[in-house]
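Colleague: Here is what each chain is made of, one letter per residue.
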Amino acid sequence: MCARLFRFTMLLMAGLLVGCAEFSSPDGGRVIAANEIVIGLSAALTGGGIGPLGVDILRGAELAVTDRASLQVGERTFTVRLEVQDDLCSPEGGQAAANRFVADPQIVAVVGPMCSSGCRAAAPIFDAAGYTTVSPSCTNSDLTSGTFQSFNRLVVSDGVQGVVAAEYIYRELGITRIATLHDGSPYGEDLVRVVAARFEQLGGVVVAQNAINVGDDDFRALLEDIGHNTPELIYFAGFALEAARLSEQRADARLDRVVFMGADGINTQDFIYFAGPAADGVYASASIPVRDQSLDRFLAGYVEAYGENPPGPYHANAYDATQLILDAVESTATLSTDGSLLVDRAALAAYIRGVRNRQGLSGAINAAGNGELLGAADVAIVRVIDGEYRQVAVGRVRDNSVLFARMETP
Amino acid sequence: MNDQPEAPVTPRQMEVDLLSRAWKEFVRNPLPVIAWLIFLVLIFLMLRNLLPQGQQPASYSPEQFLRQLLFGLAQGSIYAMLALGYTMVYSVLSIIHFAHGEVFMAGAYAGFFALSAAAQSGLLASDPFLSVLLTLASGIGVAILLALLMERFVYRPVRESPPVVSLIVAVGASLVVQQAFARLFGATARRYPTVNLLAFPWLFPNFGCDSTGADCRGIDLISGRYDVSFLGFNLRLLPIHAVVFAAALIFMLILWFYVARTSAGRALRAVAEDRAVAVLMGVDANRAIVRIFALGGVLAGAAGVLYAFYNHQVSPFVGFLPGVKGLTAAMLGGIGSVPGAVLGGLLLGIVEAIVPSVLGMSAQLKDVLVFGILVLVLLFRPGGFFREITAEKRG
Amino acid sequence: MLRTTITAGLFALALVTLLTLMGVFQSFAGRDLIAGFLSVNLALLIVSVIGTGYWAAWRGGASSIPLALAQGGGAGLIVSIGLLALELLERAIDLHFVFPNYARPLMTALEIDVTPLTSLLLVVLIAAFGGWLAHTMPSRRSIVLTALLLTLLFSFVGERLRTMLALVDALTVLAVILSGALLVDALDVHRVGTSMLVGALNGAAIAVAVALVARGGGLSPGGILRSGHVEPVFVGLVVSSPTVFVLALVLVGALGSLIRSLPGRSYTVLHYGLAMILVIGFAATQSRWSGWSALVTLVVFLAVAWYTSRQSSVSDARYDRFDSGSQRVVRVAFYGLTFLGLLTLPLFVGQFGTNTLNLVGLYLLLSIALRIVLDNIGLFNLGIVAFFALGAYLLGILTTPNLLTCGVAVPGIAQGCSGVMTFWQALPLTLIVSGLFGAVTALPLVRLRGDYLAVATFAIGEMARLVLRADDFRPLLGSAQGIAGIPRPFIDLRIINPAWQLRLDQEGEFYYLILLAIILTVMISSRLRNSRIGRAWRAIRADKRAAQTLGIDIRHSYVVAFTTSAALAGLAGALFAVHLYGAYPDSFTFQVSIVALGLVVTGLGRIMTLGIATLALIGLPEFVRELADYRLLILGIALIIAMRFVTRPWRSAAG
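Residue numbers (this note's numbering), protein chains in the order written: chain A, 1432 to 1841; chain B, 228 to 622; chain C, 32 to 686.
It is worth saying that the hints were derived from the structure and are not from the lab.
You may find that some hints are simply not true.
Just some of the chain A residues that point at chain B, by a computed CB distance under 7 Å [claimed, not checked]: (1) Ala1639; (2) Ile1643; (3) Asp1648; (4) Ala1652; (5) Leu1653; (6) Glu1655; (7) Asp1656; (8) His1659; (9) Leu1672; (10) Ala1682; (11) Phe1705; (12) Arg1829.
All C-beta atoms, glycine included, are put in the ideal place defined by N, C-alpha and C.
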């Protein structure tokens, strides 16, 4: 027994030596590529509810690569390619995808991960390897609180969306009593916290705060409880299916007069399908790109390439993220003596963290230095009217106050 | 050997002796004490919510109670129908039919496709009653089919093994059915088309009238909502609650009639009581067991369709929680007892609707309550609160 | 006989239709089995059709070749007609509304449009081939089938495996082992010790030779030691740490010299292992997993299958002739070789591969923890995820600043405070508390019947899942956000030597921690099994009441089993949380318990098979993401089958 243990420990030490010898990364701080510029993409591509959103992100990035299929560095031209990994919208998946990318020194930067939990789990790995990520969809507000050097996001954070929602409810709708509800996901819980804080700051009252579980389908007793506190509006941060059931069961609990509002999670066709007639009059918020010619052209190209309307909301963000990375490569890349591409990762990261006044499809890109890239973007308030989402207002955040521009309602 | 401890003499000694005995008893079996403590905490929470605090009205009012009672009865009826399936299978095979929830789900799915077909072909608009019947029929049919397949390929091969083997196989089967349905029909949920089934115009002459006020067709059994004032309370009544409740009662009666009065039912009871003897008496045990599963399928299928009418959606994972709750209900009422299953179901539904609000628990922990009840019933009264009427079960 | 063909055909048609409607034949879009030649979808389809013909002929008793062909072809005909009918149906009604994953199998597999007649003929011919397969001699058949199956498996992951090692690595290892074995034969050595010495010397010689060639320019671009597209991983050590290289080859030589005298099963396993190394080495010479790679793989596996089927009994006989001392040395040598391989695995599989291995290792830990209770007492703890989560959250809470450690509810990431522990401080506490919870859980479960106990533990697991996510416990458990920012273990030996400090940041470094944990767990598990309490457990499993009358304290046995199981599950959870840098409620669902249960049940009680099962169920979907969709389905089927066919003591217990 002792002999075995001794032998094990000896071999273990040997193993550690071997391990240590091997895992100093070959050339950690630089990208070296022979012919291609490889951009990684991490999104959830499979899975019933979440798959379409990931596919949408992938398509946005693909369109960016189609539009900019090669880059000129010095006398050489390099082709651009996407390396796609499925991160399953989970922390384990995000981590696995990150490990895949970090092992490949050809990858210049990564678009993704897609879900907040994946972003959080993958960030330490990217940090350790000096990689840069630009996420088109991770909205959790504390991701940019300063801990992660590698993380950037090209999407409106929950911190902004929640503030606009709270302001709209209080100032534009004139409602002073709300009840909040979230679905137990990191996204929902974070958003609700922001909304409640801002709403109370404005002088409103949050009469009830509750949470449900994803997968529940009977909320009548809960709605009864909420109704007991007489809110004027129920704010739900979550996704389409539960939102649909809540919106429908309001009537069962005699709350049909209470306004129902959600966030970008319910700003989908799925919600309208699942809620049926109860969808009418429901509000939602979403970060929207400014509707202009370039966006229209992009959408037309999207429909032509893929044969359907975008099934998710982040395609423009993904497009911009890819283009931003390519811009960064173009400006920081050099050629080595044998003609291969050299990119200093630190310089790339600095470029992205310092980009200013760039107009993307999803809005004006201005790096705030902590990873936020779309800080001052617009948030739209939409409402279901006659079975379709219509914009009713646009909120613009300037210096911690929100200005609303109302749209004409038909 | 006379090593008896000295008998306590002084009152103080008696005190110490009592204390040490109580402590030893507690260490040996701490559960009753802990259970009582938890119970007291719950009572405290409940009172805190029921009584008004200073200026504020109570957090929980009688009106809330009444309304939640109605919701609870509806959910409870569904649980009752599921519990009957568990209880019947247990009474015959002494196993827990863990995969019963998936039969429920399959019925709901089949109903969805039937109803969608009816909606697309216009049958739903022209003859909603027939559409509903067709939906129920297809739901029940598919549920029976799945139940029979399970009996034949999942439970029968391990019938001679200990019951835990059947449970694990059932867990596997439940997984397979869920995932197969997800792959076959898509993992996203589907919405049941809205059904407007107007009925009983003679009972409710002023309901369901069209714009001229002339053609009154009664209340909407599936999608209607009607405000009613009852004893000073404002209630909103949903006829579908009554439909579900009535369905559960009707099915229970049919089941009771079948088991108690028909010869096939007699065969079932014989097999339930003692399979070996029944076989010796000439009863075809296999056929009886198949019939039991089919009956369970009927109930689960109907429950699935009704549930989907009530909640407007089906997904491959919709059977998991109701299945567990049905099992809890069956155990609560006494697994093996038909009236116990129904009472257990209704009780569980009501408890689930009311208790979280009374205790001030969050909605996320609502299911913790149900699972807690399951654990408690398993630990303390596996026979349930209504001991079965048939002779003592073995094992 | 016609009837069997028809029934077999109909049955196969039902299965194939089911698979088609599930979209199995279009799941692996864009993934090639053999690059540019055979897509995975097409391969799956072909395998299904061959299986149809094989099964039909087998059922019908294929007594002659034409008969076998006819039976196979007949079944194939039924299947193809059925599939064509399905295609017609698709045109008539909106099949995608009901079955959104449906895709016409032949069209998607071949990626071209085929006429109905062509598809019919193809299916019939391939099915006929399957029928022929059923007709060939059983011994030949098993060799062919094993080789085909392994080739398919390798082709599936071939593209990933290709970069693991270079041809020169494979050839070096093989040269050492084979030349060692030949030397031992030539020198007619009988004693085990002398064999090992000869092998070690041989290994050293080859190591020195390779080192000389490498130093002399063999490793520079264009040198003879560089062939193909992959950097030599093993031989590359000559440059970075030559001592390790020589040491490793000496060990390989010593252990490999015994290759001719292993017990039968180990012999086969070792040969297949060497074959895999050779195959991967060859694949490294190609730029992608090509037809050549697949062909060479097939040939190598055919050869090894044929060779081992003949020689394993000879080796077994030789092993039996040894005295028990020598036998033990041989066994230890074999396991030592395996262990050496495990130690060096991160070197070959790279960072992502090691990440996968780490996940596999963590699930293996959990499965072994479950196995303690399941295999010994026969209790199904369906709520083992609760202890897994307990360990994870406990470690997370103790090593991050939050309510417990700092007295302030600080979500997630913030500056440290004095109450925050290090990993090494927190781990024992975590284990103790997990064990305590296990003991407390065990007490009320003692008098429960097997299936009631399973349901009760299931309920406990579900309660844990809900409690972790609930807002009510946010200050301590973090509700939906979980506990983030858990630091990796920090090995601080600076008092001995200022340079000896290491934070286990890298996947490769963490790998050794997990490996150590697994070894400890296995040791504890086997210790317990072979002790008095292990025997008491098995007595309880056989017959609880009889064990009680024999004087075995049931409560004590249950408590010890559950305590150990809970503590080890807590260990797995702690490592899991540290690996993921956080403990998030989404990671602790009923699925985890089910996966652990499935692994233990299909692992047939042996650690080796458990390891392979875990590798297949957890590791494979990491490499082939499309499989993740089917993981639970396969697990469910495995559970049903395993519970039926595995013979265990409680299956035969009185009803």
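Colleague: Each hint: holds or not?
Modeller: Checked hints:
For Ala1639/A, the suggested interface contact is broken, since its CB lies about 11 Å from the closest CB of chain B, more than 7 Å. Residue-level restraint check for Ile1643/A holds (minimum Cβ-Cβ distance to chain B is 5 Å; threshold 7 Å). The restraint placing Asp1648/A at the interface with chain B holds, with a minimum CB-CB distance near 5 Å, inside the 7 Å limit. For Ala1652/A, the suggested interface contact is upheld, since its CB lies about 4 Å from the closest CB of chain B, less than 7 Å.
With its C-beta approaching chain B no nearer than about 4 Å, Leu1653/A sits inside the 7 Å limit, and its interface hint holds. The criterion of a C-beta within 7 Å of any C-beta in chain B is met by Glu1655/A, whose closest approach is roughly 6 Å, and the hint holds. About 5 Å separates the beta-carbon of Asp1656/A from the nearest beta-carbon of chain B, less than 7 Å, and the hint is met. For His1659/A, the shortest C-beta to C-beta distance to chain B is roughly 6 Å, which falls under 7 Å, so the interface hint holds.
Taking 7 Å as the C-beta contact cut-off toward chain B, the hint placing Leu1672/A at the interface holds, the least distance being around 6 Å. At a threshold of 7 Å, the smallest CB-CB gap from Ala1682/A to chain B is about 6 Å, leaving the interface hint in force. Taking 7 Å as the C-beta contact cut-off toward chain B, the hint placing Phe1705/A at the interface holds, the least distance being around 5 Å. Interface restraint check for Arg1829/A: the shortest CB-CB distance to chain B comes to about 37 Å, outside 7 Å, so the restraint is violated.
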